[in-house]
Amino acid sequence: FKQQNNKSMTSSEPIRLRKRLLKDGRQTLYLDLYHNGKREYEYLKLYLIPEKSRADKETNKQTMKLAEAIKAKRIVDYQNGKFGFHQPEHNIRFFDYYSAMCEKRKGAPESRGNWGNWYSCYKHLKIYEKNEDITFDDITPEWVQGFKDYLENDAKAWSPRYERELEYHPLSRNSKLSYFNKLRACIHQALADGVISDNPLRGVDNFKAEESKRMYLTIDEIKAITAADCPAPGVKRAFLFSCLTGLRRSDIMKMTWSEVHKQGDYTRIIFKQKKTSGQEYIDITPQAAELLGERRNPTDLVFNDFLTASATNHAIKVWMLRAGITKEITFHCARHTFAVMMLDIGTDIYTVSKLLGHRELSTTRIYAKVLDKTKQAAVMNIPDIGLKKEP
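According to this note's numbering, the sequence shown is numbered sequentially starting from -9.
Please note that a few of the clues may not be correct.
Pairwise CB distance ranges, derived in the manner of DEER restraints [unchecked claim]:
1) Pro223 <-> Thr18: 28 to 34 Å
2) Thr18 <-> His159: 35 to 41 Å
3) Ala175 <-> Thr275: 37 to 43 Å
4) Ala217 <-> Arg44: 47 to 53 Å
5) Ser43 <-> Arg285: 33 to 39 Å
6) Asp374 <-> Asp295: 30 to 36 Å
7) Glu142 <-> Glu284: 50 to 56 Å
8) Gly184 <-> Thr130: 15 to 21 Å
9) Asn81 <-> Lys9: 22 to 28 Å
10) Ile260 <-> Thr320: 24 to 30 Å
Calculated directly from the structure, the hints in this document are not laboratory data. For every residue, glycine included, the Cβ atom is placed at its ideal position computed from N, Cα and C.
All chains should be built: construct the whole structure from the sequences, respecting the hints.
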């Protein structure tokens, strides 16, 4: 990592905004301050991404805008004798700062999946606060509480596709929690960056998460759908593969033959999770290996006949009805099915957690709650109360 050569600074420009190239192709932005023969650097935790599209250029434009705003405030502090890098920056515009955080996630492959939530929250913030020039001086506990009240009572689901709210779709409890957490993350980052010194979240309670329903298929139901015809054979193959491996749709979609390895009697999938970027090593059963089909070139997709998400779930709905199953099943339910099946056959929860690629064991415990054999055994011990069957 080579820093740019520093030219001598004059009193007219005591602080300069500089860039440094990183290994992943991004450029990190930092401030270079020279005072009384000493040089200090402040890394802004802002990054420019390689410009491969118009969207990338817009992302970098917003990032530079925020960096220049921080630099301007640093110069004012310097001229006022406030030498140092940790003076609160209350006059930085809130939406510039939030937008830069949002766009940074769009540019980073490991967090791109979360960008949609950041972007939707940004749109809700713009609906709640009409003044685009508000600064962090305006972000008070009352303002934060007001945004929470807006999410609770007035907000409707935001559609990135149509760039508008969906009038008849109020936010779910977990969407409210997700969007409020984005604002919380922005404020916590502003505290860490020295943009603010007082925490406006103090005294404002967060939303409580709503426990989501985990729909799954039983082994008998898996046998039924295996025997039934699906209007999209590629969907059937991928869904059954997920039932037998627990892999997410996103990981199955991108799987190439270079990730499929034969090791003795086992077939092993070595891949990086799209959602978490975690490196995974999963041994699969002969049945699952059969669903892979014939090996092709290393760069070829294993499952190359995927439909869109909505078309996939429509095909699954028709398929389930043909198998006599009326549950509301989506593709992700295959992953739930695998988790519950593993627990049902006696696999310990730690192993199930590793098979699913969970980072936290608490995530896997949700499935243990779905299938609690202790509760099943307990209710079966209820004595016969003498009910007679109707003739």
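Here is what the structure says about each hint:
no.	hint	verdict
1	Pro223 <-> Thr18: 28 to 34 Å	48 Å, violated
2	Thr18 <-> His159: 35 to 41 Å	40 Å, holds
3	Ala175 <-> Thr275: 37 to 43 Å	40 Å, holds
4	Ala217 <-> Arg44: 47 to 53 Å	50 Å, holds
5	Ser43 <-> Arg285: 33 to 39 Å	35 Å, holds
6	Asp374 <-> Asp295: 30 to 36 Å	53 Å, violated
7	Glu142 <-> Glu284: 50 to 56 Å	54 Å, holds
8	Gly184 <-> Thr130: 15 to 21 Å	19 Å, holds
9	Asn81 <-> Lys9: 22 to 28 Å	24 Å, holds
10	Ile260 <-> Thr320: 24 to 30 Å	27 Å, holds
Of the numbered hints stated above, those contradicted by the structure are hints 1 and 6, listed in ascending order.
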